[in-house]
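Trainee: Line order of the protein sequences matches chains A and B. For the record, in the first sequence the residue sitting at position 5 is 5 according to my numbering, with numbers rising by one throughout. For the record, in the second sequence the residue sitting at position 244 is 244 according to my numbering, with numbers rising by one throughout.
The hints are simulated quantities; they were obtained by calculation from the structure and are not laboratory data. Hints should not be assumed to be uniformly reliable.
Pairs of lysine-lysine, PhoX-like flavour, derived with a Cα cap of 25 angstroms [unchecked claim]: (1) A/K62 with B/K281; (2) A/K39 with B/K172; (3) A/K59 with B/K170; (4) B/K213 with A/K62; (5) B/K235 with A/K62; (6) B/K170 with A/K62; (7) A/K62 with B/K145; (8) A/K59 with B/K233; (9) A/K228 with A/K326; (10) A/K39 with B/K213; (11) B/K250 with B/K235; (12) B/K213 with B/K233; (13) A/K39 with B/K170.
What follows is a set of in silico ranges between Cβ atoms, one per label pair, in the way DEER data are often shown [unchecked claim]: (14) B/K203 with A/G132: 29 to 39 angstroms; (15) B/G189 with A/G68: 49 to 59 angstroms; (16) A/E308 with B/K233: 23 to 33 angstroms; (17) A/E38 with B/Y171: 12 to 22 angstroms; (18) B/S32 with A/E38: 43 to 53 angstroms; (19) A/E194 with B/E111: 37 to 47 angstroms; (20) A/V145 with B/G189: 27 to 37 angstroms.
The beta-carbon is built from N, C-alpha and C at its ideal position, and this holds for glycine as well.
The lines below spell out each chain.
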Amino acid sequence: MLNQNLKLNTKIFNSDVEKKSTRIGFGEGLLLAGIDDEKVVGLCADLLESVKMNIFTDKFPKRFIEAGIAEQNMASVASGMASMGKIPFITSYAIFNPGRNWEQIRTTICYNNQNVKIIGSHAGLSVGPDGGSHQILEDIALMRVLPNMVVISPCDAIEAKKATMVIAKTESPSYLRVARNDTPIITTEETPFEIGKAQIVFGPENGLAQVGIIATGPILYNVLIAAKKLESEGVKIKVMNLSTIKPLDINAVISLAKETKRIITVEDHQVIGGMGSAVAECLSEFYPTKIEFIGVKDQFGQSGTPTELAKYYKIDTESIIESIYKILNK
Amino acid sequence: METIKDETIKDLTIKANDIRKSIVEMLYLAGSGHTAGALGMADVFTYLYFNALKHKPENPYWIERDRLILSNGHICPVLYATMAHAGYFKIEELKTLRKFGSHLQGHPHREFFPIVETSSGPLGEGLSQAVGMAIASRMDNGINKTIYCVVGDGELNEGQNWEAIMLGAKYKLDNLIVIIDRNFIQIDGTTEEVMPLSVLEDKWKSFNWDIQKIDGHNFKEINHAIYHAKNTKWKPSVIIANTIPGKGVKEWENDYRWHGIAPNKDQYEMAIKELNILGDKLK
């Protein structure tokens with residue numbers, strides 16, 4: 001059952017559940033952060049409306065820099081602005097920001113420890129028809145390897161809005177991964193959000209769980225649907241929303257592993273180097289546990305609807321259910 | 001000031017010679033590092049720190065200071081030596097260059113030395129940061145700061161520079177002055193062999209920058225160029241400073257092999273002797 005201590009959306013399992021993209025959540029959060037602090041400025045690389053930064057720039061046109069299709073320059077310009085006391089948010093599709101401009105982020109933002117916020121939109125397979133060139137599945141790996149970087153992958157628009165506001169107030173280079181498509185609203189305005197705090201969003205009504213599923217991003221919804229179905233089949237499951245991938249909530253991950261002895265990680269990202277790898281690094285050091293990794297297995301994406309792609313790359317609800325039975329029978 | 005007094009030129013020339021001696025000594029003690037570019041830019045750095053920058057060495061974080069971004073971080077011995085001579089820290093500390101735990105990392109790193117404006121080393125990134133600083137300064141209007149950025153000619157091979165050059169012109173950043181260390185050398189040979197930059201001034205001009213070309217060892221020309229650049233409106237400025245790599249030590253001048261090496265004991269003693277003789281003549 002849903003963990004209602006977190007005041008989650010009670011309509012999450014309804015077929016008419018409200019949907020909104022995490023990129024809109026970012027745009028709304030940036031507007032609020034901008035109202036709150038005049039040091040917040042926005043930069044974008046010719047994708048203002050796509051990344052929903054227009055919600056901010058409509059109100060604050062003088063605090064916006066259009067950098068053109070030049071993401072490498074944009075990252076270092078933001079570093080310079082941060083050194084003068086600004087809180088720059090740099091935006092583009094995640095394939096270019098942080099895909100194209102990784103070394104600029106490493107050297108001019110992280111190595112310099114400048115307070116720049118990197119927003120990667122249209123991340124993951126869920127971009128759909130645009131095809132594999134635009135479906136970045138490597139950004140979490142690219143960002144979590146960098147010293148000083150905070151990495152957040154929110155599960156819905158509301159969490160994306162909160163994360164945006166929180167990183168604006170947290171002095172650190174930060175990466176926020178958002179997606180293009182409208183996805184179910186899982187949390188509510190009242191759900192707490194804190195950087196580095198994982199949340200158990202679903203668990204058995206009583207007794208210990210047999211398997212722990214850790215998910216990041218909007219794909220958490222697929223996991224919740226799977227958990228709900230298996231609950232009715234008598235399987236006891238705990239589901240964790242791991243929206244902050246770095247710093248990792250080590251205690252929460254270990255505690256889930258201790259209870260369930262079996263962990264499944266789920267992400268719309270390569271299995272290599274992603275959130276599952278972060279969990280595996282933690283557990284293999286502190287509490288070796290059986291893990292199944294659900295994610296893209298060393299492949300590029302392709303055109304298709306998000307549903308078709310989720311099925312093909314085995315990150316859909318059915319594949320999650322299969323993995324749960326597989327790990328239970330091990 | 002539009003003109004510079006002969007007396008000031010004499011003082012700057014003596015100072016630059018002292019800074020060159022520091023550079024040679026610190027590189028010798030470090031046992032590695034970049035000699036040619038550091039010596040070549042000693043006059044420009046001396047001018048900037050002793051005659052141009054609005055700064056307070058005793059208060060390096062003074063918010064109203066001008067900013068100087070060194071993009072080609074490998075010539076940092078000239079930055080460190082000039083800052084020490086300007087009073088930012090003890091000249092004695094220059095001897096720790098490239099040593100474990102030193103403020104003076106092989107390439108500047110803000111974590112170890114927060115009083116440098118930026119970390120640098122990977123080429124082609126300083127100009128973008130300077131553009132960002134100039135934009136931020138403009139947003140804050142009020143305080144009149146100049147953002148200086150020193151770039152190497154070789155590093156103009158990096159495409160990111162040209163993105164920054166476009167953005168600087170787009171926002172008409174007349175508070176930004178770029179100085180190119182035009183010494184015509186890079187690691188694999190001359191700049192014109194490796195990746196021709198010629199005609200460099202035409203490239204910048206076509207990107208709508210104000211351009212000047214000077215002798216980077218002539219204080220009169222440096223002074224005039226900075227004066228002109230500071231008074232240019234609605235355009236960012238670039239000064240192409242022709243410099244002699246290894247300047248000051250005759251045996252090393254214009255020899256690209258001195259780009260990335262440090263002197264050994266004999267070379268060090270020879271160079272210091274030469275610079276001492278030059279220093280005596282200047283007095």
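Trainee: Determine for every hint whether it applies to the structure shown.
Mentor: Tested hints:
no. : hint                                   : verdict
1   : A/K62 with B/K281                      : 56 angstroms, violated
2   : A/K39 with B/K172                      : 22 angstroms, holds
3   : A/K59 with B/K170                      : 22 angstroms, holds
4   : B/K213 with A/K62                      : 35 angstroms, violated
5   : B/K235 with A/K62                      : 19 angstroms, holds
6   : B/K170 with A/K62                      : 15 angstroms, holds
7   : A/K62 with B/K145                      : 19 angstroms, holds
8   : A/K59 with B/K233                      : 29 angstroms, violated
9   : A/K228 with A/K326                     : 17 angstroms, holds
10  : A/K39 with B/K213                      : 38 angstroms, violated
11  : B/K250 with B/K235                     : 38 angstroms, violated
12  : B/K213 with B/K233                     : 18 angstroms, holds
13  : A/K39 with B/K170                      : 22 angstroms, holds
14  : B/K203 with A/G132: 29 to 39 angstroms : 37 angstroms, holds
15  : B/G189 with A/G68: 49 to 59 angstroms  : 33 angstroms, violated
16  : A/E308 with B/K233: 23 to 33 angstroms : 57 angstroms, violated
17  : A/E38 with B/Y171: 12 to 22 angstroms  : 19 angstroms, holds
18  : B/S32 with A/E38: 43 to 53 angstroms   : 46 angstroms, holds
19  : A/E194 with B/E111: 37 to 47 angstroms : 27 angstroms, violated
20  : A/V145 with B/G189: 27 to 37 angstroms : 35 angstroms, holds
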